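Make a model of the complete structure from these sequences and hints.
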Amino acid sequence: MNILTFDIEEWFHILDNASTRTEAEWSRYETRIHANMDRIFQLLDETNCRATFFCLGWVADKHPDVIRRIDAAGYEIATHSYAHQLAYEQTPHEFQADLERSIKHLQDITGKKVRSYRAPGFSVKEFNRWVFPILIEQGIEIDCSVFSAPRAHGGDATLGVVKPSYLNVKGELLKEFPINTASVLGQHFIFSGGGYFRLLPYGAIRQFMRQSDYVMTYFHPRDFDAEQPMIPGLSRVRQFKSYYGLKGCWPKLRQLLTEFKFVDVAEAEKQIDWSTVRTRTIA
Numbered sequence: 001m002n003i004l005t006f007d008i009e010e011w012f013h014i015l016d017n018a019s020t021r022t023e024a025e026w027s028r029y030e031t032r033i034h035a036n037m038d039r040i041f042q043l044l045d046e047t048n049c050r051a052t053f054f055c056l057g058w059v060a061d062k063h064p065d066v067i068r069r070i071d072a073a074g075y076e077i078a079t080h081s082y083a084h085q086l087a088y089e090q091t092p093h094e095f096q097a098d099l100e101r102s103i104k105h106l107q108d109i110t111g112k113k114v115r116s117y118r119a120p121g122f123s124v125k126e127f128n129r130w131v132f133p134i135l136i137e138q139g140i141e142i143d144c145s146v147f148s149a150p151r152a153h154g155g156d157a158t159l160g161v162v163k164p165s166y167l168n169v170k171g172e173l174l175k176e177f178p179i180n181t182a183s184v185l186g187q188h189f190i191f192s193g194g195g196y197f198r199l200l201p202y203g204a205i206r207q208f209m210r211q212s213d214y215v216m217t218y219f220h221p222r223d224f225d226a227e228q229p230m231i232p233g234l235s236r237v238r239q240f241k242s243y244y245g246l247k248g249c250w251p252k253l254r255q256l257l258t259e260f261k262f263v264d265v266a267e268a269e270k271q272i273d274w275s276t277v278r279t280r281t282i283a
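Residue numbers (full-length UniProt numbering): 1 to 283.
These aren't lab readings, by the way, just hints derived from the structure by calculation. Bear in mind the structure is a predicted one, so any value in this text is a computation, not a measurement. One thing to keep in mind: the hints can contain errors.
Heads up, simulated PhoX-like pairs for lysine-lysine below, C-alpha to C-alpha not over 20 Å straight-line [to be verified]:
1. Lys241 to Lys163
2. Lys112 to Lys261
3. Lys261 to Lys163
4. Lys270 to Lys113
5. Lys62 to Lys104
6. Lys241 to Lys252
Encoded structure:
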């Protein structure tokens, strides 16, 4: 099972960086999302692929035409929060308010229930699993935030969820679609999205795809925008993580969608026999 998803945010929504931290800074930057979305829509049409779009409520607020276009094309719309803040830097109240705001903006535009969520930066760790009951309270049925490997902005390998599973949250069940990992010499790492996808040669990605029976991809419009300006204030490490491989990412995605079959989250949910999946209890 290969699942295709995109996190719909602007090119300047870079986490944990002073010049792009909040909405107050975002007005300084040019809008590039329309051209980047045009490219994604064209490729999905050419390859006849379905995808789930995890959209920021901020994008719905500032560029509702983008959300309407996604919906009109028949693609599934999910939420990626409103203001693209790290969940573990928020209080539970702040997280709940941001999530509620995002869901409202998206549902007001489409008239359809938002069922799925992904945290910015996969920012759910062991100490902020309090996000899960809030997701359920807000009507979220599917979470795609678990990243079972170390990373700068998230990662919760201790949860032990590497394939679709149930999370038992105070007696209520939340369906979890985590990011998949590959293993080489006992080391677990990611190959199916973001900077990991940009960094790896396509031959390695193809091999890992063939070896995996579950793949959850995640891409951003900025991953394919080689002309985007350099965000000021980034360290050399952050520059590398955010800008390396932009020129080669688009042909790699085109090849990936040509060689492999993908479904969106909604279709993946239908294909899974949920009576057989593992249940992980969240304390």
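Each hint tested on the structure:
| no. | hint | in the structure |
| --- | --- | --- |
| 1 | Lys241 to Lys163 | violated (26 Å) |
| 2 | Lys112 to Lys261 | violated (26 Å) |
| 3 | Lys261 to Lys163 | holds (18 Å) |
| 4 | Lys270 to Lys113 | holds (17 Å) |
| 5 | Lys62 to Lys104 | holds (14 Å) |
| 6 | Lys241 to Lys252 | holds (17 Å) |
Taken one by one, the earlier hints fail for this structure at numbers 1 and 2, listed in ascending order.
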